[in-house]
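With the working numbering applied, the sequence shown covers 356 to 522.
No lab work stands behind these hints, which were simulated from the structure alone.
Take the hints with a grain of salt, since some may be wrong.
Stated by the list, open to error - Have a look at the derived ranges for each label pair, beta carbon to beta carbon:
1. G410 x N465: 30 to 40 Å
2. F375 x R463: 23 to 33 Å
3. I363 x K418: 15 to 25 Å
4. N505 x R463: 15 to 25 Å
Said to hold, decoys possible - As a list, the in silico DSSO-like pairs of lysine-lysine whose alpha-carbon atoms are at most 30 Å apart:
5. K502 x K357
6. K380 x K449
7. K380 x K502
Virtual Cβ for every residue (Gly too), placed ideally from N, Cα, C.
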Amino acid sequence: MKVKENYIIHPDFMYIFGVFDRNAKLCTIVRELNRTFIVDKSPLEILNDSIRCIGFDLRGAMKTAQLFLGNKHMCPVMINPIHKICVFPNKSAKHPDAMWFNPTHIIRTNTLRRNTKVEFSNGLVIIVPSKLYSFNHKLQTADQYMKMTNRITNNPPTIKKGPKKGA
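Please take these sequences and the hints and turn them into a complete structure.
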């Protein structure tokens, strides 16, 4: 499998997770609707690069999510509000093998021997080492956050101006 140097998350993105190469460098496996490949960057670097494309950074996106959702652990992150791409991790981002999911492509989840079976829009099924309740809670929080940010994007608050000086 050819290794890409860079990757920016776009609407075909389904999930990513970290893997170590033979030199113990953290790289990322990226799964899109029609292809899978490796990127020579960590998952957090890919998230940050993708958010920087729209003028923000991962740290700010995480703080914004906490502002909207309360100081929760493992908050979803808005990658691109224009394309409505929000991702969520199955475990703490500090874990190199954390998986980051795009809820848009998740069709169904079920329990399978204390893990979560995830079915995607392209028919792919994977097993995630996470309890169904925990995974579904994160999925629901990401969906809620996406709706909140879309509402603000589509209906920005109006700012009332005070009287003009000298009027």
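Comparing the hints with the structure gives:
1. G410 x N465: 30 to 40 Å: At roughly 39 Å between Cβ atoms, N465 and G410 fall inside 30 to 40 Å, so the hint holds.
2. F375 x R463: 23 to 33 Å: Given range 23 to 33 Å: holds, Cβ gap about 31 Å.
3. I363 x K418: 15 to 25 Å: Since I363 and K418 have Cβ atoms about 22 Å apart, the given range 15 to 25 Å holds.
4. N505 x R463: 15 to 25 Å: Holds, since N505 and R463 (Cβ atoms, about 23 Å apart) stay within the stated range.
5. K502 x K357: Judged against 30 Å, a Cα distance of about 36 Å means the pair is violated.
6. K380 x K449: Roughly 15 Å separates the two Cα atoms, so the pair holds.
7. K380 x K502: Cα-Cα ~36 Å, so violated.
Of the numbered hints given earlier, the model fails hints 5, 7; all others are met.
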